[in-house]
Amino acid sequence: MRTLRDLFRDYRFALSFCVLCMLLALAFLTTFSPYDPTLWGVVPRDLKPSWTYFLGTSSKGQDVFWQATFAVRNSLIVSVIAGTVSRVFAVLVGMIAGYKGGGTDRVLMFISDTLLVMPLFLIIVLLAMLVRDKMNLVTLGLLLAFFGWAWDARVIRSQILSLREREFTQTAVLSGTGTLRLVLNEYMPFATPLVFSTLINNMSWEIGMEITLAILGLVNMDIPTLGTMLQWAISYQAVLLGYWWWLSTPVILSVLLFVALYWLSVSISEYLDPRTRIQRVGAE
Amino acid sequence: MAFIKRYLIPRIIQYFLVIFLGITAVFFIPRFTPSDPVERTITQLRSQGSYLDPASMDDFIADLTELYGLEGSMLQQYGAFWQRLFRGDFGVSFFQFPTPVIELIGTSLPWTLGLLLTTTFFSWTLGNIIGGVAGYFSRKGWSRALDTVAMIVRPLPYYIFAFALLLLLAYVVRWFPVSGGTSIGRKVVLNWPFIKDVLWHSFLPALSLTSLGGAVNFQTMKLIVQNVNAEDFVQYAKFGGVTEGRIVSRYVIRNAMLPQITNLALSLGQIFSGALITEIVFSYPGVGTLLYNAIVTGDYNLIMGITALSIVAITTAILVIDLLYPLFDPRVRYM
Amino acid sequence: MDKTILRTEQLKAFYVLDVLGTQKVVKAVNGVDLEIRENEIYGIAGESGCGKTTLLKALFAAIEPPLRLIGGKVYYSLFIEETDVSSLSAEEKRRLRWEYVSYVPQGSMSVLNPVIKVKETYRDFIESHVSGRTKEEAFEIARRQIAELGLPQKILDAYPHQLSGGMRQRVTIALAALLKPRIIICDEPTTALDVVVQRGVVQLLRDIQGYLENTIILVTHDMGVHANIADRIGIMYAGKMVEEATTEVIFGNPVHPYTQYLINSLPRFGDKTTRESVPGSPPSLINLPSGCPFHPRCPYVLDICTEQMPSFVDLDTHHRVACWLVGEG
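Protein chains in written order, with the numbering used here: chain F, 1 to 284; chain H, 1001 to 1335; chain P, 2001 to 2329.
Heads up, a few of these hints could be off.
[Unchecked claim] In silico SDA-like pairs for lysine to any residue, Cα to Cα no more than 25 Å straight-line:
no., chain 1, residue 1, chain 2, residue 2
1, P, K2024, P, E2276
2, P, K2154, H, D1232
3, P, K2180, H, G1241
4, H, K1238, P, P2296
5, H, K1238, P, V2130
6, P, K2073, H, G1241
Calculated directly from the structure, the hints in this document are not laboratory data.
The shape of chain F in the complex, shown without the other chains (with noise of 0.2 Å):
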């Protein structure tokens, strides 16, 4: 498609693409997994990486690079699962607050506003406290998709405001078309774009947390993900023992994968912004 070509141009979108398609790659080898990720002491443990194991072994006796694998899925999965619940959220706050107007948008305003200024990490911490015991990855996306729709919903409610002023909303109105089908049918085109621009940003800050909360031991241990692979890492002293292999996989892979997503997500919007496209014009 002519998009993806134009925005193959941009070195950032091409760069990131190609490392989120290896990381993809990574996250597929899990079905041919020759180990269950769950189990300990399926092969010797503290070994330094070599040729029968790619990345070493750790000290719970499992293949870090397999590990790897199904941890780069799992911090995909939650991402991706708390990033689509809040972006329905989102564009649901978003579009009411900005075609209804009025009260309805103070009140869905100062809720989203509030949430935004909140210290969220603690609440999200004493949250996940709690309900430790229940956590796996669906609920742990939920419980961060419940925080993370309200600075998009800002976002997406500015477009909506901007589109309601324009004549095609009168024109269709004045012809009769209902509410939801305008929204639906008119709007959506436009909010697309921002919606998925948006939810990518939305998963490096849910993949961020999750890493966070793993450290602080704050979800399911057994489930392997980039957070709870390094916390596992730390509390075996892979520091002091030096096993760096343990160690750097899970703090690499997150590096390449959150930045990946940053400059996918600045690319595209930049793409989406005719101001941007101007910008670079003949000079020099």
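Please build the complex by placing chains H and P on the supplied structure of chain F, with the hints as guidance.
This is chains H and P only, laid out in the frame that chain F set:
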């Protein structure tokens, strides 16, 4: 007068409303989750191998209930909660029984405040100045190079960045201490060796926070300045032959500052959380490490106390910034 | 005869845009020859999108990417000899701005710095050109000038958003006259204002010109304004000048078909016949028609009009036209 009515009063009402909602949420969360704190504490103690005498179990449960403020009906609890709040009483800590929570927070708070205030100040001013100049010269090579660096630093979560710094600068090369706020055994005396020691220990957490905050400020300021540059009044000043230095300071930066002040207010919640997380990485003796200990030992009073105080502190800081904003923007001052 | 204060020679200025790989060239100013004299008000008329603002930017030596100077020259009469503007250094150009030629931009609503008072803007302009004045002296200069022009003193202590649109327009005009420049360029100074304020603005311009005895170049599509204060008028179409004459001649005896349409579309007292405007729409400056750019809409089009661009023919001392109807025909 319109200013007072349209800006000041709504803002202050909002302030109290947010605090009220936030603290109410803190109150209700532990009381509406599947397992309540008393149950969890008992489970946790059991899983850690402590022996709990079944005979005195009832008394133990009663004590815990009282400790966590869970006695009486919901309404009674809520009332008592607010009463204690106004007295500054957040209950007693579980993991450092019987020290009151407020005291524990009191000893950790100065460390956090010191770290937070200095790093926020530096990251905001440095990020804005460098970002501002980079935005003005946005086509130059160094400006673009800095942008790429910021693009790599910015998306990293506080934990990962702090941890990476710790590994690199405290383990791989042993330039900085691995943990703590001061070296072990050093007494808190206000002399130069002590201050030097504190600075040495604070350097890595400060570097971590300033880099992340600075990267964000740099990028947003650069974008803002690029937009302000294209504004009519900047063009006009150039038409008028106003000297470049004057344009940069009075036309570009003065106007670009305004959204940055608002952005600072909006990101205070995140910056605060980031500071706590960073402290945990470096075992820095601030509220972050206190929080970590509270989580590990299941000390609900302490967690709730920290959360409640944080909500009040952050909301107040944001209010202060919002009230200072009109000083910089005459359009709000004279509506 | 009055001296020439500004001259252009086959001035060509295009916008070169690079949108996602394809290059688009907008020929905004496409070979313009002008001679503007001292002590006159020169009006430039034409539809929107004909390149008027770009021409002004070129006259003001404010050409910046994506606008590029493709060809031709602009001359200022700074000394006895003319000076080619492109030979000036950046610092020299900066000094000339406001001291030799000043600019009143289109849409003066948003050209004042919103966070400082009007008198501070005055101070910035003064202190950037005149050294050795204290802040108070600069404010005093501002106060005197405002008083001379009959504007209320309190606008100096106001912030721009506290002033009405019309008042802001008058402030920018006053600012333009501040350092007594030889040329003042005005871009649509009366657009977006109601008629009463328009009158005030036009009066202000006339007062300034009478007092400074300098040149005002006035661009507007409002022929009424031209009729009111312009001494000479140049008609612009699709990046080119097509006719130029004194105001009386333009209104009384328009020769170029486009000018005729412009004049005939104006209402007149006692004449109740339907006004006819120019048929069709202005051409795209990216895809100009061949030959004379007006030929697709011209009722008298000849074959040669589609092939070659006509050049100026002098009909009179102060009347020249670029049209194949006059000249070789």
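Structure-based check of each hint:
no., hint, in the structure
1, K2024/P <-> E2276/P, "violated, 34 Å"
2, K2154/P <-> D1232/H, "holds, 24 Å"
3, K2180/P <-> G1241/H, "holds, 14 Å"
4, K1238/H <-> P2296/P, "violated, 40 Å"
5, K1238/H <-> V2130/P, "holds, 16 Å"
6, K2073/P <-> G1241/H, "holds, 22 Å"
Hint violations for this structure: numbers 1, 4, all remaining hints satisfied.
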